[in-house]
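The residues making up each chain are set out below.
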Amino acid sequence: MLAVLGLALALGGCLKQPDKFAPPEQRDPQVLDEDRARLHYVPMGAEEAPAHLLTDIVPDLHDGQWRWTLQRPALEVRVPKTRGMKFRAQLTVPEITFEQTGPVTIEIFIDNRRLLERKVDNPGEVVIEQAVAEDWLTTKRPVVIRFVIDKMWTSPVDGVQRGFILTGAGFVQ
Amino acid sequence: MLSVLFGAAVTLAAAWCCGQVVVARGRLALTRGERPLYALVLGAAVLSLVLFAMAALGVVSDGSLLALAAVAGVAAWRWGRAPVEEAAAGDPLQGVWRWIFAPIWAIFAAIALLHAMAPEMSPDGSSYHLGVIARYYRAGGFVSIPHLMYGQMPQGFDILYLMAFAFGRHSAAALVHCGFLLALPWLLLRIGQRAGHAAAGAAAGLLVMLSPVVLIDGASAYNDVALATVAVAAFGLALRKDAPAWCLGLLAGFAFTIKYTAFVAAPWLLVLIWRRGWRSQAALAGAAGGVVAPWLVRNAMLYGNPVAPFYSKWFPNAFMHESFEESYRAWMGWYDGLDRWSQVPWALTVDGGVLGGLLGPVFLLAPVALLAARSALGRRALVAAVVFGLPWVANVGTRFLIPALPFAGLALALALPGRVLPALVVLHALASLPPVVNRYAGEHAWRIKELYPRVALRLEDPKAFMAREWPPFRRAALIESATGAGAVVAVGSPVPESYTSRETRVLYLSAQGERVADLLLTPLIREFQPLHRFRFEFEEQALQVVRVLQTAHGEADVWNISEMNLHTRDGVLAREAGWGLRASAFPWDVSFAFDGSPVTRWRSWRALRAGDWIEVDLGAPRNLTAVTLDTATDQWSVQMKLEGLGPEGLWRELGAAPVRTERPPPLELRRMAVGELKRMGITHLMIVEGERGWEDFRDNADLWGISEAGRVDDTRLYRLE
Chain A
1 MLAVLGLALA LGGCLKQPDK FAPPEQRDPQ VLDEDRARLH YVPMGAEEAP
51 AHLLTDIVPD LHDGQWRWTL QRPALEVRVP KTRGMKFRAQ LTVPEITFEQ
101 TGPVTIEIFI DNRRLLERKV DNPGEVVIEQ AVAEDWLTTK RPVVIRFVID
151 KMWTSPVDGV QRGFILTGAG FVQ
Chain B
1 MLSVLFGAAV TLAAAWCCGQ VVVARGRLAL TRGERPLYAL VLGAAVLSLV
51 LFAMAALGVV SDGSLLALAA VAGVAAWRWG RAPVEEAAAG DPLQGVWRWI
101 FAPIWAIFAA IALLHAMAPE MSPDGSSYHL GVIARYYRAG GFVSIPHLMY
151 GQMPQGFDIL YLMAFAFGRH SAAALVHCGF LLALPWLLLR IGQRAGHAAA
201 GAAAGLLVML SPVVLIDGAS AYNDVALATV AVAAFGLALR KDAPAWCLGL
251 LAGFAFTIKY TAFVAAPWLL VLIWRRGWRS QAALAGAAGG VVAPWLVRNA
301 MLYGNPVAPF YSKWFPNAFM HESFEESYRA WMGWYDGLDR WSQVPWALTV
351 DGGVLGGLLG PVFLLAPVAL LAARSALGRR ALVAAVVFGL PWVANVGTRF
401 LIPALPFAGL ALALALPGRV LPALVVLHAL ASLPPVVNRY AGEHAWRIKE
451 LYPRVALRLE DPKAFMAREW PPFRRAALIE SATGAGAVVA VGSPVPESYT
501 SRETRVLYLS AQGERVADLL LTPLIREFQP LHRFRFEFEE QALQVVRVLQ
551 TAHGEADVWN ISEMNLHTRD GVLAREAGWG LRASAFPWDV SFAFDGSPVT
601 RWRSWRALRA GDWIEVDLGA PRNLTAVTLD TATDQWSVQM KLEGLGPEGL
651 WRELGAAPVR TERPPPLELR RMAVGELKRM GITHLMIVEG ERGWEDFRDN
701 ADLWGISEAG RVDDTRLYRL E
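Line by line, the protein sequences are chains A and B.
Note that the working numbering numbers the first sequence so that position 164 is 164, with each residue one more than the last.
Note that the working numbering numbers the second sequence so that position 165 is 165, with each residue one more than the last.
Just so you know, the hints here were simulated from the structure itself, not pulled from any lab data.
Hints may be right or wrong, so weigh each one.
[Unchecked claim] With a cut-off of at most 27 Å between alpha-carbon atoms, the simulated DSSO-like pairs for lysine-lysine come out as follows:
(1) Lys313(B) - Lys641(B)
(2) Lys678(B) - Lys81(A)
(3) Lys20(A) - Lys313(B)
(4) Lys140(A) - Lys119(A)
(5) Lys449(B) - Lys463(B)
(6) Lys678(B) - Lys20(A)
(7) Lys641(B) - Lys20(A)
[Claimed, not checked] Computed Cβ-Cβ distance ranges for the label pairs, DEER-style:
(8) Ile525(B) - Trp136(A): 51 to 59 Å
(9) Glu643(B) - His62(A): 43 to 51 Å
(10) Glu125(A) - Leu521(B): 18 to 26 Å
(11) Leu2(B) - Lys20(A): 53 to 61 Å
(12) Trp136(A) - Trp636(B): 33 to 41 Å
Everything numeric in this text was worked out from a predicted model, so none of it was measured.
Even glycine gets a Cβ: it sits at the ideal position worked out from N, Cα and C.
Chain A on its own, in the form it takes in the complex (with noise of 0.2 Å):
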């Protein structure tokens, strides 16, 4: 057995790693977001997120990963495609405001046209998806995402009103 156990040593002493390789032949690099001025999902802690971001969304990033929004957030992205496309978005409605708001209502609007209408009954995270039809989207412009909140909360120590919190919202497949 020992000899079995030496033999397989010895083998495996012999064996030889490779030291490098060479980086490979580069994929279809058109398909990287590098080179985007717009992204087709934004998350609030993406480097380019300000830029996308229109009305009603609290420019503060917090944890950076998610900003406040008051009653109307708008934020815009770009599809490079139409066609198998969902819209998602991540957002929490904190035990904070709820705690004054009760249940809520968002509605999300792409481009103006209503695509759906989401009662939150619990405090939480909540995520959305849909698909959306090929002849919502364009690639030929920025799309234009608008959520509106029945409810807003408002600070009892300073006044200051709030929506929701957003971690992140766009189109992916």
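Using the hints, position chain B against chain A.
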């Protein structure tokens, strides 16, 4: 049917002929009852070696296999007939045993033979035991099968199927294993007779053979029962002082090449012959090493790991991941459905559903076997049962106890009063009849549920039978009919590959399979996508080598990087062919962090280890200002720092902790994943309803770039466009 019988007969006969020569050369004094049994087992070890040599040389064909059988016959006639001393008959079988042993054996032999002759429908036999052998047969010898872990294991017994398969295909192979099943009770009987315990030997033989899991395993193209028979033959020879140590070594080595878990055979036999002196010990070790070495060398050459597919941690290779091995060990060490150890005795002996088979209720008496320690034979049997039972803890499936079962059975028979043994065996026989087992065993217990004599006797076409009765065959048939020669099909779970000439890639049974799974899941699972970007900023400086170090330890996360980019003050540095990419863990995939694709990624494929690194050597110093890493989010505990090697030859830490930003989910991931599969040579994808993402493949075929090539039952076969 004749071809089936011929394939099995020629293989068993060739083994027996080789064994005749070994018995004669070893001057083993055997009775007429012992000689064919030991000749079969010893000869199988020799035949296995010869077939290994032929497969290694790539000279396997119908003609060469027939020639081998003829040479074995001539050798037996020429060198195997040397007169050997006829030993005393030993303790004769007496009393009721004369009336029940052979008839019970014959009834269950008929059951086993009918099952073996029916089309091979066992999960492992039809998929990899014969799938691998079928590939060797088509190729005329060994071929590298890096994408299937089972193809990397030594096939010391399976390679005997090469000869059987050549002439009689699947059923002939199963019949070869069945030959060892039928020999096992007789071998135990002869051992008992020689030790003066004929009744115990007879009882042990039947207790083992009739055990439902032994019966179906031995009647299928598996190898567990063959291993048990080899172990028992080694036990029988080790009890004799005149047995040459090299014969024991031959069997110990053979056992190891049948199953790695039988590594215990050699040290066990060395202890048994310890008093014979160093010459005998050396002969045993030398013979065992001689049998084992070819397989280790083959694995080292084909897979970069002499003990492939295991111990990749010790022998890093491109074909198996450390993380898979850890998961596999955990998976095998405790089966789903088992909540606590106290369930194990019932699960092993009566239910069999959770552990993949049952030994039979009689083995609930196994603890009584400890009383066998009163006799010398009993003590030896108990030790052997423990030795061959120990590896079972690594895989608690019932059939992994089969090598220990003959010894446990012998000890049990020695422990019980002689007068109760016949009744016990008769009860065991009744409880082991398939219709009876069906009444108490768990629904999913692996066992012979039903016999199919018409198709076994080839009164019905086997393919038509399987197409009607067995959904996995319909999947294999779909692959065969809907794809062209040379097709490579990625499958979510194994298909009976031995029934198709196309290659399959199971999504979890190799490094390549796991990579395919990763590619297919990345578009579906956000956590797999490169949604984080880490940016290390530092003062512009000339650097030749940049290295990212991972500093967290011990967590189960697997460190991974989708893209690593170096930045100059003018932007991203274009990659150059002269760069050297390295990684401390699984370096074979390091280029996926430098390919420009968000669907591929380098993964360390092992739990977080502080000090793991990935680096790029630019060949010459370049002025750099930053390094960015796009990574998936499924690595919550990873911590990284950056180091650089300057022109002065000193390593230094670069910048502070990286700044993390978010990235959007990349588009076109599905199509990119399929593109990567095509780069790997995969042409088709088979998905069964219920497998992860099956609905997405169905609903978004155009986004994936796949089209349905065929459908059967709940299974769809897609062509990669």
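The hints, checked one at a time:
{"no.": "1", "hint": "Lys313(B) - Lys641(B)", "result": "holds, 25 Å"}
{"no.": "2", "hint": "Lys678(B) - Lys81(A)", "result": "holds, 24 Å"}
{"no.": "3", "hint": "Lys20(A) - Lys313(B)", "result": "holds, 19 Å"}
{"no.": "4", "hint": "Lys140(A) - Lys119(A)", "result": "violated, 33 Å"}
{"no.": "5", "hint": "Lys449(B) - Lys463(B)", "result": "holds, 20 Å"}
{"no.": "6", "hint": "Lys678(B) - Lys20(A)", "result": "holds, 25 Å"}
{"no.": "7", "hint": "Lys641(B) - Lys20(A)", "result": "holds, 21 Å"}
{"no.": "8", "hint": "Ile525(B) - Trp136(A): 51 to 59 Å", "result": "violated, 27 Å"}
{"no.": "9", "hint": "Glu643(B) - His62(A): 43 to 51 Å", "result": "violated, 32 Å"}
{"no.": "10", "hint": "Glu125(A) - Leu521(B): 18 to 26 Å", "result": "holds, 23 Å"}
{"no.": "11", "hint": "Leu2(B) - Lys20(A): 53 to 61 Å", "result": "holds, 58 Å"}
{"no.": "12", "hint": "Trp136(A) - Trp636(B): 33 to 41 Å", "result": "holds, 36 Å"}
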